[in-house]
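A.B. asks: Residues per chain, in single letters:
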Amino acid sequence: MERIEGQKEWGWLIVLYVFLAGMGGGSFLFSFIMLFIDRYSEVARIGAFVGPLLVLIGSALLLIDLGSAKRAYLLFTTPSTVLSSWMVRGAWIITAFIILGTAYALPSFETFEGLPWNQKSGFGLGLGVVAAISGLTVAIYPGFLLGIIKSIPLWNTSALPPLFFLSGLDTGLAVIVLIALPFPSIGVEGLHLLGAIEAGLIVFMLVALSAYIEIVRKAGATAALSIRLLLNPFFIGFVLLGGLLMPLFVFIWGAYVKDPKVVSLLHGMASVLILAGGLALRWSVIRSGVRIKVR
Amino acid sequence: MGKKELYGRIVKEMGALRPLFGEAPNRWKKVDPSSIGEKKTLFGLCRACMQGDCATLVHMEDGIVVRVEGNPDAPPNWGTLCPKGNAEIMALYNPYRIKTPMIRTNPEKGLDVDPMWKEVTWDEALDYAAEGLRKIREKDPRGLIICKGWGQRDTIMRKPFGQAFGTPNETGSHGALCTVHFPTGLVQSGHPVAIVDLEYCQYHITLGRSLGPNFSSVPGMRRFARAIARGMKLIVVDPRSSYEASKGEWVPIRPGTDLAFLLSMAHVMLHEIKVFDVWFLKNRTNAPYLIDEKGEYIRDPETKKPMMWDTVENRAKPYNGEFKDIALSGTYNIQGMLCKTAFDLIKEEFEKYTPEWAEKITTVPPETVRRLAREFVEHARIGSTIEIDGFTFPFRPVSLNVERNVTNRRGGTYADLVGKIINMLVGNIEVPGGCLSCGFRGPIMGPTDEGTTTPRYEAVPRPFTFPPEHATLQEFYPHQHTAPHLVLNAILYPEKCYLPYRVEGWLSVGGNPIRQNAQPEKYVEGFKKLSFVVSIAFHMDEPAILSDVLLPEHSALERLRVASFHVQHQSIDNEVSGLKMIQLREPVPTLFNTRNADDIFMDLAERLGILYGEGGLYDYLNQDEDFVEKSDGLSLNGEWKLDLNRRYTLEEIFDRQIKGWPYSGGKGLKELREKGYIEYWKPKKEFYLYYYFPDNKTRHPMYFMELKRVGDRLRTNLLEHNISFPMIEDMDYVLNLYRPIPHWVESSEFRGPEEGYDLWAINWKTPYFACDSSNLTGNPWLAEVYTKDPWESVILINPATALRKGLKDGQMVVVESRYGRIEGRLKVSELFHPDAVGIGGGYGLGTCQSNPLNRMGPNFNALLSIDPITYDGVSAGQDTAPAVRVYGKEEAR
Amino acid sequence: MVIDLKRCAGCNSCTIACKAEKGTPPGVGYHRVEKYEVGRYPAARMGFRPIPCMHCKEPACLEVCPTGATYKRYDGLVLVDHNRCMGCRYCVLACPYGARHFIRRIENYYGHFGRTPYEILKQKNLDEGIAVKCDFCVERLERGRLPACVETCPAQARYFGDLDDPKSEVSNLIAKEHARKLKEEFGTEPSVYYIEG
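Chains as they are written, first to last, in the numbering used here: chain C, 3 to 297; chain U, 5 to 897; chain X, 4 to 200.
Hints in this document: simulated from the structure, not taken from any laboratory. Quick reminder that beta carbons are idealized off the backbone N, C-alpha and C, glycines included. Do not take every clue at face value.
[To be verified] Among chain X residues calculated to face chain C with C-beta under 8 Å, some are: (1) Met89; (2) Leu96; (3) Tyr100; (4) Ile133; (5) Phe189.
Whenever a hint applies, use it, and build me the whole structure from the sequences.
C.D. replies: Spelled out as structure tokens, the structure:
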């Protein structure tokens, strides 16, 4: 009997990065939409700033994780690798997102009001659209980063990018909810709306997650082993129960509560749970990545 | 905690020992400044296993060894090298070596007791050692044991030192678990063992031995791989599906029951197949000799020669007369006595050993025995011949060979002898394709005055004296191999061993019976009884930490060495058959305050006053002859003998040995340095001993009269002194093993299950551990590999057995024999017979100051016994498959 | 390279020769031998598979390498330029053969005793924080010698030569013995072929 072991090459820092990238991309996306349709702008302008910030932190972690960070500049000086390596693509996209996203977000803050564009100006909107697209990509991209690694069947599946993307939206929205809590302007209604969207996302997530597990389970011996490794009490507890089912329950419950304080409390709790679940999901998937046997 | 984690932890724990060894790197001698920037290559000679004959190149840069690799241009390995040889650098740059002479200050001894070493100068250490040895010598020189072993096989002075000192007690720690020599010395006049001719062999049955892969013996593996590639059929009868078995057909057998298998195979050949090499049996064995009712040869009244029956003239004649036709079978009335041929007697004895009988003992299905016997006979191509160098040989491309895991138990010698009978039935002894001895090649198989091959090497019985002269008790075990276990009995129970003196001192040079023999706790007890222990030591192994003084020696790479090439123990083919060669090892610069063991011997001898003059070390060195290669080996010949009154350097002595070597053509050490070896190829035909005594010029014994004779003499002597064998009540327990026809006997472990010991533990050499030369288990490169190897340093049992005992893969278990108990991690494996508990290599034990890696893993040998009831009474080999029980550690009482 | 598993007896000479040739630190090796069991008792036997870098025609490691540190030489050798590697370990994960290692820290074999003179000398060009792998002993090849694992193999189970030359020994062997490549479904087109045992 051989012991099943997940890969050990990529650890906590990468997990955090993948988590933050999804969350950052997701929260920017929602913020952009909210700003675009001009609702809850107070919350959204912060969200639009927090998104790139989260990705920036993630990227910093990524940098720390490198063995020879001093050579990281080579990412941008070796254009030929853009054709092959998802990591380079990711680097460009992330950089673009951080710059564009920040540029889009900044004019809504007093200090930067002097900038020659704002979120309503054509240029600003353009920035926003491009940043939103890159944010979308940033949220999806970790799925591809892992997904093209054929030697790890748990990752090497088309079911992974959607899962990570949905989780990105899910956690991104949770961030928005958390940002919104101190703002009375969001109102019970707003919270209910966000909660409803979250609940929807969670349902999608549940579907995507089941699909993911089922698809991988049938993808061969090593894949099945990985799933066995993945479905441990930690995963069930933090991802499935804590990260999805409990928040779903809370959001549904919250929809019937009218007291803003209680709603805020419930939604806050649920969002924290979602964030923890999102992180646990990345951790589980990354650390359960069993390499295929060579022979 | 898995094996890998444990290894990691041990590497970390090594740090705890640092104060003891100092800041090791700082104490390594600085490289010679002149070598900075210099790149050079030295000729090396590997010493990572007992064979020690692989030619290497030692590459140096800036005075540092950067690579040891096979020498692509030189035999016998032509550039190939095993993992042990490739890892030799780490044995050199090893901070656990003993780096300077040391004297004990703590009188309390134990493997885990700090001796409180005091570092001293070489002069102080040598004076101290010489003084201690002098005291012993003055009292009784026989009181000193000199113990060699695989840790040091490069010295040429050890034996002469012992002779000059006056002790007959020079023995090896390594041999008692490998008593494989007697039958080949008896039947083929050869040493050390019988091997297979892989140049031609088509069908090979091997038991209890390795053709090379098991311990990654390079020449063995080269030939093995070639033979398999050309399609030789290989049958491996073994409790374990070994490296070899994995390339051939595995016939699983219950551990320790090979004798029964061999008897049943012989039965099938004699009673069912009945196809023999009749010409060979009649003309080249004593099978047709006529035997009387007492088991003695019928002799010609005039010439006293044994007789055979001429079926045409219908009368018995001395074997060397002219025969029209020789009777192989029949009962005849001669000299008023009913006589039978030896062949008939053997056949009668073997009649009861049916495969069905054997199956109950061996678990081998009868149809398998029958098939193997049939295939063996079919492949023998009886009657065929082959011409080599213009000489016509019988051609028999089959061979059956056995070794230590067959021979090391009561009845083991019989098992080897039955193997010889099986081979003789198809006439494959010492002919191309067949079963060959692997020592000196020359006219050694000549007949005695009874017409049978002259017993040589360990088949020559040592004389009986009472009280015994030897602490090895060779008087009682006249065909013994090395005997540390008997020495230990003599130390612990001198009265029971009838020893007229006391063993007082021990000089270790590469020998380590504590780890490499049995019952380590008893050895420690024995060591504690000694008044003075000296170790010429490489690392802090078990004898070293029990020593009074340590004389640190060079690592293998640092030792100058000139050696003659021996035929390897695993097999032979044309790649090296007929090769006469001497090989050189140029030493690398030393790292510590160490010396060559031979220089230490000369210094000690000089201080003891036994170096010079007649009866001195040099005198004995002059007389010394290579034990195996005889005149073809290196010795001091003719004009090159040493002047007994002056001191020589080791280089001078080697130079003289080379110049006196019969094939050196006058070359010396200087010329040897040119390419690292001097070779001489003899014609291939001269490799086969048949060549020297063809046709009916000699006869291999099939009826083992010599064995009977030695047994009869032993009985007479014991009765005369009214004693039995030491610590054996019933002398017939041993004397039953001296019959002229092998028969079934039970080993001491056979009835283990009746006492609740329902499995048998087995051991084998592994690719990373051949014989503890260069402290292989402490080599971190090898450790990194063996800790990942699924079958190393674990306890292996068949899944069905594990299930039956409720044991789980990965759990800690206890293996307990009647003599010792070890613990280890369980691994279930389909590669093992359900009655076997597999524990490979030589892991475990170690000392509080040794490399922690030496303490890791199960120490198989701790399950073995020094009790004489576990020996084969002929070879004194201990049982290597002890009956054991296995249980989970939490159930430990 | 062709590895004849009929001959291979799993001794790991290749692994240690590689270690000695390259002076790789603990936990880092450019070569390994996978050992496993085949079949059930009493038909069980040992199986071995030596695994060097496959020097693929379509290397997965090269594909993912973001900095161009991994490159393919004119003769097909897949090499790592240590000066370009930023240590992201993407290649280590991507290689289907587990042939790559990341040197996080250069440890020494005798633990706290410090590095041996051999290690100090051999590792002077080795960096921490980079990915490393088998280079088929490129500096030996340039001296006209074969890779260390090939020369040292006591079973003479390894062959090295030019796969592009249809008349080479390796090409002949591959054709004659129907040698196969590992994980062909990955599309990496390895240059190491196995004659199955």
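A.B. asks: Run every hint past the structure and note whether it holds.
C.D. replies: Now the hints, each set against the structure:
1. For methionine 89 of chain X, the shortest C-beta to C-beta distance to chain C is roughly 4 Å, which falls under 8 Å, so the interface hint holds.
2. At its closest, the beta carbon of leucine 96 of chain X sits 5 Å from a beta carbon of chain C; the interface hint therefore holds under the 8 Å criterion.
3. At about 5 Å, the closest approach between the beta carbon of tyrosine 100 of chain X and any beta carbon in chain C falls short of 8 Å, and the interface hint on this residue holds.
4. Among the interface hints, the one on isoleucine 133 of chain X holds; its C-beta lies about 6 Å from the nearest C-beta in chain C, closer than the 8 Å criterion.
5. Proximity of phenylalanine 189 of chain X to chain C holds as hinted, the smallest CB-CB distance being about 5 Å (cut-off 8 Å).
Going down the numbered hints, you'll see the structure goes against none, and every one checks out.
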